[in-house]
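Engineer: Sequence:
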Amino acid sequence: MLIQNGITIAGENRFRNGLDQLNRPSSISIDENETMYIAYYGNHLIVKWKIGAKKGRVTTRDSVELYDPLTRKWSSIDSLINIRGSHTGTILIDGKVLIAGGYNRINGSLATAELYDPRSGTWTITGKMKIARMDHTACLLKNGKVLVAGGSDITAELYDPISGNWSYTDSMRYVRKQHTATLLPNGNVLVTGGFNTDATNRVEIYDPLIRKWTTTFERMNYERYMHYSIIIT
Numbered sequence: 171m172l173i174q175n176g177i178t179i180a181g182e183n184r185f186r187n188g189l190d191q192l193n194r195p196s197s198i199s200i201d202e203n204e205t206m207y208i209a210y211y212g213n214h215l216i217v218k219w220k221i222g223a224k225k226g227r228v229t230t231r232d233s234v235e236l237y238d239p240l241t242r243k244w245s246s247i248d249s250l251i252n253i254r255g256s257h258t259g260t261i262l263i264d265g266k267v268l269i270a271g272g273y274n275r276i277n278g279s280l281a282t283a284e285l286y287d288p289r290s291g292t293w294t295i296t297g298k299m300k301i302a303r304m305d306h307t308a309c310l311l312k313n314g315k316v317l318v319a320g321g322s323d324i325t326a327e328l329y330d331p332i333s334g335n336w337s338y339t340d341s342m343r344y345v346r347k348q349h350t351a352t353l354l355p356n357g358n359v360l361v362t363g364g365f366n367t368d369a370t371n372r373v374e375i376y377d378p379l380i381r382k383w384t385t386t387f388e389r390m391n392y393e394r395y396m397h398y399s400i401i402i403t
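Mapping of the sequence shown onto the numbering used here: residues 171 to 403, in sequence order.
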């Protein structure tokens, strides 16, 4: 995740079945401390996992590091307030980073959320989501709010950075997790694919002006989940 000052923030994630579940890395390395580094596309996001010494399982942690592409060096910053993996991270208009939901072994799926301020280098608690969720999506809307959808059911909710509170919005038409949510040029949000009992090729669109979801008759050619979706200009 690229912060406005050009420094990349990296957190923790969790894949339930170990190495065979790691998704689309461009490189993998393991150091002498059994810490595994996964580089996605080489320069945008680097995620760090600690591998369990006995079972080789990937676990959640609360550690956070910043990567400076100019110096090519890492620096540790304050840890997350809550241990979590499979969460979302969204850069808000004011430059802060919203971390929402996720999972840990103690609490299961999480509704908690926290904010990172790159100016002070500190984390603060913000309002809880209405629904605990993991493997969901979070998308910054043009009005500055954040749309969070899916992960455990069809529900969706909006985060207001001014009040720090969450509110329900219209639910999606299909249950999905590990899907994508992409902000379109017209301000709508395109949600594609994902997983429920199986991978899906269904597509739906959220309109922030009327706060409603609509399905599209045109589906993707292939079912997919844990995929990427980007705007091509």
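No lab work stands behind these hints, which were simulated from the structure alone. Source: prediction; values computed, not measured. Cβ coordinates follow ideal geometry from the N, Cα and C atoms, glycine included. Do not rely on the hints blindly, as some may be mistaken.
To be verified - Straight line, CA to CA, 30 Å or less: simulated DSS-like cross-link-like pairs of lysine-lysine: (1) 300 to 266; (2) 298 to 315; (3) 243 to 266; (4) 315 to 300; (5) 300 to 243.
To be verified - Derived DEER-like restraints, expressed as beta-carbon distance ranges: (6) 264 to 356: 21 to 27 Å; (7) 246 to 356: 27 to 33 Å; (8) 243 to 324: 39 to 45 Å; (9) 356 to 245: 20 to 26 Å; (10) 392 to 297: 17 to 23 Å; (11) 367 to 332: 37 to 43 Å.
Engineer: Please go over all the hints and tell whether each is borne out by the structure.
Structural biologist: Comparing the hints with the structure gives:
| no. | hint | result |
| --- | --- | --- |
| 1 | 300 to 266 | 21 Å, holds |
| 2 | 298 to 315 | 15 Å, holds |
| 3 | 243 to 266 | 22 Å, holds |
| 4 | 315 to 300 | 15 Å, holds |
| 5 | 300 to 243 | 38 Å, violated |
| 6 | 264 to 356: 21 to 27 Å | 24 Å, holds |
| 7 | 246 to 356: 27 to 33 Å | 41 Å, violated |
| 8 | 243 to 324: 39 to 45 Å | 43 Å, holds |
| 9 | 356 to 245: 20 to 26 Å | 39 Å, violated |
| 10 | 392 to 297: 17 to 23 Å | 38 Å, violated |
| 11 | 367 to 332: 37 to 43 Å | 39 Å, holds |
Of the numbered hints stated above, those contradicted by the structure are hints 5, 7, 9, 10, listed in ascending order.
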